[in-house]
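Please work from the sequences and hints to get the whole structure.
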Amino acid sequence: MYNDYMDESLLQLNEKDELCHLLTLKNLDKTAIEKILDQAQIYTASKIISDEERGFFQNLTIANLFFEPSTRTRVSFEIAARYLGCNVINIDIENSSEKKGESLIDTAKTIQSLGANVLIVRHGEQDTLKLIANEIGEHCIVINAGEANISHPTQGLLDLLTIRQEKKSFENLIVTIIGDLSHSRVAQSTAQGLTTMGVREIRLVSPEQFSLDENISHVCRSLSNVDEGIKNADVVMALRIQHERINATGEEYTTQNYFEEFGLTHNRMKLASPDAIIMHPGPMNRNVEIESSLANSPKSVIQRQVANGVAVRIAVIDQLLKSRLK
Amino acid sequence: MYNDYMDESLLQLNEKDELCHLLTLKNLDKTAIEKILDQAQIYTASKIISDEERGFFQNLTIANLFFEPSTRTRVSFEIAARYLGCNVINIDIENSSEKKGESLIDTAKTIQSLGANVLIVRHGEQDTLKLIANEIGEHCIVINAGEANISHPTQGLLDLLTIRQEKKSFENLIVTIIGDLSHSRVAQSTAQGLTTMGVREIRLVSPEQFSLDENISHVCRSLSNVDEGIKNADVVMALRIQHERINATGEEYTTQNYFEEFGLTHNRMKLASPDAIIMHPGPMNRNVEIESSLANSPKSVIQRQVANGVAVRIAVIDQLLKSRLK
Amino acid sequence: MYNDYMDESLLQLNEKDELCHLLTLKNLDKTAIEKILDQAQIYTASKIISDEERGFFQNLTIANLFFEPSTRTRVSFEIAARYLGCNVINIDIENSSEKKGESLIDTAKTIQSLGANVLIVRHGEQDTLKLIANEIGEHCIVINAGEANISHPTQGLLDLLTIRQEKKSFENLIVTIIGDLSHSRVAQSTAQGLTTMGVREIRLVSPEQFSLDENISHVCRSLSNVDEGIKNADVVMALRIQHERINATGEEYTTQNYFEEFGLTHNRMKLASPDAIIMHPGPMNRNVEIESSLANSPKSVIQRQVANGVAVRIAVIDQLLKSRLK
Chain A
573 MYNDYMDESL LQLNEKDELC HLLTLKNLDK TAIEKILDQA QIYTASKIIS DEERGFFQNL
633 TIANLFFEPS TRTRVSFEIA ARYLGCNVIN IDIENSSEKK GESLIDTAKT IQSLGANVLI
693 VRHGEQDTLK LIANEIGEHC IVINAGEANI SHPTQGLLDL LTIRQEKKSF ENLIVTIIGD
753 LSHSRVAQST AQGLTTMGVR EIRLVSPEQF SLDENISHVC RSLSNVDEGI KNADVVMALR
813 IQHERINATG EEYTTQNYFE EFGLTHNRMK LASPDAIIMH PGPMNRNVEI ESSLANSPKS
873 VIQRQVANGV AVRIAVIDQL LKSRLK
Chain B
573 MYNDYMDESL LQLNEKDELC HLLTLKNLDK TAIEKILDQA QIYTASKIIS DEERGFFQNL
633 TIANLFFEPS TRTRVSFEIA ARYLGCNVIN IDIENSSEKK GESLIDTAKT IQSLGANVLI
693 VRHGEQDTLK LIANEIGEHC IVINAGEANI SHPTQGLLDL LTIRQEKKSF ENLIVTIIGD
753 LSHSRVAQST AQGLTTMGVR EIRLVSPEQF SLDENISHVC RSLSNVDEGI KNADVVMALR
813 IQHERINATG EEYTTQNYFE EFGLTHNRMK LASPDAIIMH PGPMNRNVEI ESSLANSPKS
873 VIQRQVANGV AVRIAVIDQL LKSRLK
Chain C
573 MYNDYMDESL LQLNEKDELC HLLTLKNLDK TAIEKILDQA QIYTASKIIS DEERGFFQNL
633 TIANLFFEPS TRTRVSFEIA ARYLGCNVIN IDIENSSEKK GESLIDTAKT IQSLGANVLI
693 VRHGEQDTLK LIANEIGEHC IVINAGEANI SHPTQGLLDL LTIRQEKKSF ENLIVTIIGD
753 LSHSRVAQST AQGLTTMGVR EIRLVSPEQF SLDENISHVC RSLSNVDEGI KNADVVMALR
813 IQHERINATG EEYTTQNYFE EFGLTHNRMK LASPDAIIMH PGPMNRNVEI ESSLANSPKS
873 VIQRQVANGV AVRIAVIDQL LKSRLK
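Residue numbers (our numbering), protein chains in the order written: chain A, 573 to 898; chain B, 573 to 898; chain C, 573 to 898.
No lab work stands behind these hints: they were computed from the structure.
Please note: incorrect hints may appear among the correct ones.
In silico DSSO-like links for lysine-lysine, alpha-carbon gap of 27 Å or less [stated by the list, open to error]: (1) A/K607 with A/K894; (2) A/K619 with C/K619; (3) B/K619 with A/K894; (4) B/K619 with B/K602; (5) B/K894 with B/K607; (6) B/K619 with A/K681; (7) A/K619 with C/K898; (8) B/K681 with C/K898; (9) C/K619 with B/K894; (10) B/K871 with B/K681; (11) C/K681 with A/K871; (12) B/K681 with A/K898; (13) C/K681 with B/K898.
In structure tokens:
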């Protein structure tokens with residue numbers, strides 16, 4: 573029923589083609605992405621919020637509306653919003669089967685009527701973000717904090733920021749993403765962003781059970797052999813096995829042989845480019861997706877990803893609020 | 573055992589007969605209600621809090637102490653308190669059977685000793701608000717955020733504000749409230765407030781199973797025929813069927829025929845006054861209590877009720893804190 | 573495996589032997605304790621935070637990371653941090669058996685990378701605080717909010733503050749602690765602090781099942797007769813029976829005869845010093861550990877303990893942040 577609505581990549585742009593929501597990285601142009609990354613980079617250096625800015629933000633309310641449990645993303649948005657001086661309201665709603673369609677919209681409308689200027693939404697079902705932006709987007713900014721297994725744009729942006737800090741340029745990069753692709757909302761957003769930024773190749777490595785049905789972009793290449801995937805890669809990202817989503821769909825999977833077949837190890841990393849970096853969206857299952865000591869090694873930028881996540885979210889909230897309300 | 577205490581309508585007044593808690597709309601005089609509505613009306617227009625006021629409020633702490641789950645009321649109080657610049661603490665305590673009598677008081681005393689200046693309490697049992705105000709009311713302002721099935725004064729006030737915005741005067745109004753009256757804490761508070769404001773008639777329409785035992789006021793009239801209830805009404809309010817409270821008492825009820833017999837429809841609204849407005853305290857069960865498209869129609873002020881709820885709560889917190897502490 | 577790490581009483585001191593975390597009262601010297609108590613005493617009188625201080629604190633984030641449920645301690649830290657003007661993030665993680673070792677550390681590292689300047693941690697397992705301080709202590713201040721059944725230093729400090737307010741000097745005091753010693757994290761911290769402050773005698777009274785295995789200090793004396801324990805005592809503290817921890821270990825205990833044998837009563841208090849005070853860390857089981865009316869009597873300082881808890885936590889956060897960051 574929701575398919576009648578506009579595509580979310582159009583819905584997130586205003587009449588001047590500026591970003592007015594953040595729903596997806598799909599089709600988001602390079603200029604818009606770079607504008608966010610540039611500002612986020614400033615925030616990584618603990619930019620001080622001016623009194624004038626604080627006066628602007630202190631009357632604004634950000635609502636975290638999470639239909640799926642989250643610690644790191646919810647807290648990251650909360651810290652970002654508080655950093656600017658905004659009020660933050662946390663609303664956790666268990667993802668019950670009744671919370672669908674119209675009643676979801678009524679919940680969103682209520683939060684907006686209560687005074688939320690920004691609605692940060694995580695939901696387990698596809699098209700919910702689009703639906704909400706359609707219904708209340710005129711009155712309230714909508715930011716995607718994770719939608720089904722299809723997108724997680726701020727995670728994609730923090731991955732881009734982290735790579736840019738290490739690699740300076742995206743051109744010529746080979747980026748390898750290994751793991752549970754089919755249940756990952758991260759992989760798609762990151763791959764979409766990397767494509768826009770002009771990387772040479774994105775290698776998507778997974779057990780056959782976890783491969784993506786759809787081709788994300790012309791630079792993506794699906795592989796099932798991890799060694800082949802890592803060879804000469806500049807960036808290697810291991811994904812978390814999403815047990816909770818695997819179980820929810822009634823699939824079966826055992827991680828028993830996963831580490832042996834797909835785990836990221838010191839040994840395997842010898843195949844990569846000598847200055848390759850290692851990423852993981854977290855939380856990690858150590859010694860399942862990644863050798864524990866490798867996650868702590870100098871090659872790993874995993875902790876930096878977390879910190880960059882806050883900077884990216886500050887930049888996104890800042891830009892969307894200022895372009896709408898200032 | 574609590575019946576020894578003073579009536580809550582007296583307990584909420586100080587020695588100068590000014591409001592010092594908000595426990596009930598019963599017997600609250602017209603001047604006190606109008607003072608809240610007048611100030612709330614100003615807050616609906618985004619009144620800016622002065623620096624001096626902010627300085628006053630920023631050292632004050634509001635605690636939401638909810639013994640029953642709530643999203644909209646809790647968030648509404650939270651946004652109201654933050655709007656003024658107060659600190660907000662959320663404490664959710666599952667309504668277990670052990671949390672009774674003395675231990676409830678110990679919890680309230682602890683929160684007050686921790687530094688709460690205002691305790692906003694929702695509780696499923698009657699007389700808990702009175703009990704708390706009796707025990708800690710000298711040190712801490714107590715506001716009722718929903719008590720058993722008997723009262724919800726801030727919801728009553730937001731209903732009054734919404735009606736006043738549309739109808740200018742309460743005199744000569746016919747207000748019809750339809751639905752699960754016996755489990756509704758809203759109906760009683762709203763009817764008490766409407767009576768004080770001088771409406772001509774309040775029609776209480778419900779299935780026999782959900783009728784009120786007690787007569788709220790001399791202008792109230794109980795009906796079981798919904799068409800008769802709606803005829804010439806100026807305000808028509810549909811109540812939510814409170815499944816959770818119906819189930820808790822072991823009653824049985826099926827909503828199968830409810831919409832047909834008591835649902836608010838476009839068709840039925842033709843019987844009402846031509847400029848009648850439609851209200852619902854939310855959350856709505858669309859196409860059970862109300863025809864979905866009717867809830868979205870221009871006659872509906874349901875979203876405005878939500879926004880007015882914040883304004884009313886700002887006014888209540890503001891007045892109670894200033895009269896106590898300034 | 574964690575025994576390789578430094579003792580927590582050393583780990584909480586920096587190279588200049590100043591407090592840089594608060595992990596335990598064990599071996600914390602008198603000067604450090606008095607510095608906290610002196611500042612806390614000032615905060616009990618509603619010290620105003622200066623604009624300069626507020627500017628310092630408003631960019632700092634305190635994270636409550638609670639692996640066990642808590643209302644009073646969590647809220648107490650939250651109010652304390654907000655009082656200073658800090659941002660507060662609440663993270664409740666159910667104490668699942670999987671949350672161990674490395675993954676606990678990853679959680680703590682993530683919170684720190686998100687921008688927390690202070691991590692306030694409650695955990696059901698011994699040595700977790702030490703582990704966290706070891707791993708992230710360089711970047712983030714760690715404060716113990718309750719560790720297993722072994723320590724709860726801020727509760728110990730608030731007990732000391734309350735006693736000092738009433739008794740002026742610790743010398744010559746007889747302090748009697750009655751109840752479930754073996755499951756109490758409070759008893760050990762309070763007894764350690766009292767020892768350092770130089771009390772004459774600490775009497776530890778409990779049913780045999782709940783006695784401590786280990787001797788806390790040279791001034792401690794274990795007793796099983798409550799009358800003997802109370803005789804001439806200056807301070808009498810009843811502990812809560814920790815049903816949840818008793819059950820968790822599979823022990824059995826009935827409180828049926830507890831009140832008769834160990835309950836603190838008006839009658840028994842006649843044996844104590846005439847100006848003895850009564851304490852309880854809360855929440856109380858009235859008429860189990862303590863006669864209800866005794867808890868409300870003038871001898872009781874139980875509500876003041878709660879208020880002092882906030883003052884102590886303000887002082888601890890203030891000192892640790894300023895000594896680290898200013």
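Item checked: Which numbered hints fail -> Numbers 2, 8, 10, 12, 13, in rising order.
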